[in-house]
Amino acid sequence: MDALLSAAQWVVSQALAPVADGMLQAWGDTKNLGLNIEALRMELLLVKATLETASHKQVDGPAMQELLGKLRDSALSAEDLLDELDYFRIHDKLNGTSDAADQHAKGGVHDLALNARHFAKAVGKLPFISSFCCSAPSPAGVGREVEEARQRASCCALPRAMQRSRGNSSSAPNANEEVSGCMPKLGKLLPCSSSPHVHDDRSGQPTLCGAPHGETPMPQFNRAHISERMRHIVEQLQSVRKEVTQILQSCDPMTIPDISQSRPITTSQSIEPKLYGRDHIMDTIIHDMTNGKYLGHDVTVLPIVGPGGIGKTTLIQHIHRNQQVQNHFQVIIWICVSLSFNLNKLLEEIKTCIPPVEGEKDGKVEDLIEQRLKSKRFLLVLDDIWEFSDRDDWKRLLLPLKTSQEPGSMILVTTRFPEIAKMVGTVNHIELQGIESEEFRKLFLAFIFGNEPVRSDSIVCSRLEIR
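Numbering (full-length UniProt numbering), first residue to last: 1 to 467.
There could be a bad hint or two in this list.
Unchecked claim - Under the rule of at most 25 Å between Cα atoms (straight-line distance), these lysine to any residue pairs were calculated in the SDA-like manner: (1) Lys374 x Ser340; (2) Lys422 x Thr284; (3) Lys274 x Asn342; (4) Lys57 x Asp2; (5) Lys274 x Phe449; (6) Lys293 x Lys376; (7) Lys395 x Tyr294; (8) Lys31 x Gly69.
What the hints assert, rightly or not - What follows is a list of derived Cβ distance ranges for each label pair: (9) Ala20 x Glu349: 34 to 44 Å; (10) Lys274 x Asn95: 38 to 48 Å; (11) Lys376 x Phe221: 43 to 53 Å; (12) Val365 x Arg321: 24 to 34 Å; (13) Arg223 x Ala17: 21 to 31 Å; (14) Asp21 x Ala49: 12 to 22 Å; (15) Leu76 x Asp21: 28 to 38 Å; (16) Gln220 x Arg396: 38 to 48 Å; (17) Thr30 x Asp288: 29 to 39 Å; (18) Thr30 x Ile448: 24 to 34 Å; (19) Asp283 x Ala26: 24 to 34 Å; (20) Phe447 x Gly296: 36 to 46 Å; (21) Gly61 x Lys395: 31 to 41 Å.
Calculated from the structure, these hints are not laboratory results. Keep in mind it's a predicted model, so treat the numbers as computed, not measured. Glycine residues also receive a C-beta, built at the ideal position from the N, C-alpha and C atoms.
Kindly generate the complete structure, drawing on both the sequences and the hints.
Written as structure tokens, this is what we have:
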């Protein structure tokens, strides 16, 4: 048990390494993958916290061992995927298409070697390699050669330009021997390798995957496929992590902390008196809810997506307290969901927020909600949703809400994760971006000076230095 737990912790730490400095996140933003990477990073952090909790508890047994094994395997998948993305990031940098990448301190050939190592690592993890090795007939001893080729694959990815750049370096002959030695072995792994020989007769230099001399073959970047893989891995991690957490809590509910309690509880009351840079989007949402395209629908679910601290909750708080919204909806409910999507708890909170009606009959929570919402237009805010362990829970939540019989009811959802928005939304989600520079300047000055007038840039500078 201890060995399996330690192995799972180590794998999770390795998986978090590529996203530790924020460079992969920055690169992912340019590929429309930033939110997916952040979702995977946050889930890995939650898994890490769960494993740290488990390490302090004497919990053992076949079931727990199997769950830890699943966490380890899913974390390995996350590590593989993030390593592949890191390869593409470095490739973009070395080819001048991105600024979010590392450079080797010595430059030149060392940058090429860095690129080659990441390429070889990514190639070694591509699915077609394992399927090719398992399905194709192989002579005796090829398994050993495959393993050796994987271990030495980095030398095979070095472009021909590397040899030219070495000049009179004494290490060049040894490197050339390594290239020659591992090329035929790696070639057996790659079905795209068309040359039956190690060397091209015309140049005497190795080729790989039909790539022209001097070029490193490039695995195809498929954003949609990578996004789907990320979503699947996050779902796997969430599902198993929740099971492990429940086991830990059942063992010692007095001492094992609930990780979800680390999230702050939001309310409908905003502490920010003014909303900066969001007036247009707020006015659009209010208009669509009260006079626009959502008015004729039964129940519309509008998700608002963005990273932590971007202003999702603040935006919804200002919409919630808008007088036009208050007059339009007969029932307004605010629920902070946070990390734990507990259906029974949510239904109970919703019931509590709806005033009782005359002549209502006792029954299940769902029945009471139906009776109290009948012929009423409602606005339900579900703030800060992090996960769903069971997709059917969302359908069960909607059932009593869809019986209001009054068109124009709304559910506003805030979340960091696009996959959750796609799951719950009945319309396209709104993705919040950073505010414009001028609005940010106003917000910044408001934080520094409050209601005091700002007279000049020199005063601004002096006040900043003092504070």
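How the hints compare with the structure:
no.: 1; hint: Lys374 x Ser340; result: 28 Å, violated
no.: 2; hint: Lys422 x Thr284; result: 21 Å, holds
no.: 3; hint: Lys274 x Asn342; result: 33 Å, violated
no.: 4; hint: Lys57 x Asp2; result: 11 Å, holds
no.: 5; hint: Lys274 x Phe449; result: 14 Å, holds
no.: 6; hint: Lys293 x Lys376; result: 19 Å, holds
no.: 7; hint: Lys395 x Tyr294; result: 20 Å, holds
no.: 8; hint: Lys31 x Gly69; result: 32 Å, violated
no.: 9; hint: Ala20 x Glu349: 34 to 44 Å; result: 37 Å, holds
no.: 10; hint: Lys274 x Asn95: 38 to 48 Å; result: 45 Å, holds
no.: 11; hint: Lys376 x Phe221: 43 to 53 Å; result: 50 Å, holds
no.: 12; hint: Val365 x Arg321: 24 to 34 Å; result: 28 Å, holds
no.: 13; hint: Arg223 x Ala17: 21 to 31 Å; result: 23 Å, holds
no.: 14; hint: Asp21 x Ala49: 12 to 22 Å; result: 20 Å, holds
no.: 15; hint: Leu76 x Asp21: 28 to 38 Å; result: 21 Å, violated
no.: 16; hint: Gln220 x Arg396: 38 to 48 Å; result: 41 Å, holds
no.: 17; hint: Thr30 x Asp288: 29 to 39 Å; result: 30 Å, holds
no.: 18; hint: Thr30 x Ile448: 24 to 34 Å; result: 32 Å, holds
no.: 19; hint: Asp283 x Ala26: 24 to 34 Å; result: 31 Å, holds
no.: 20; hint: Phe447 x Gly296: 36 to 46 Å; result: 41 Å, holds
no.: 21; hint: Gly61 x Lys395: 31 to 41 Å; result: 33 Å, holds
Violated hints, in rising order: 1, 3, 8, 15; the structure is consistent with all others.
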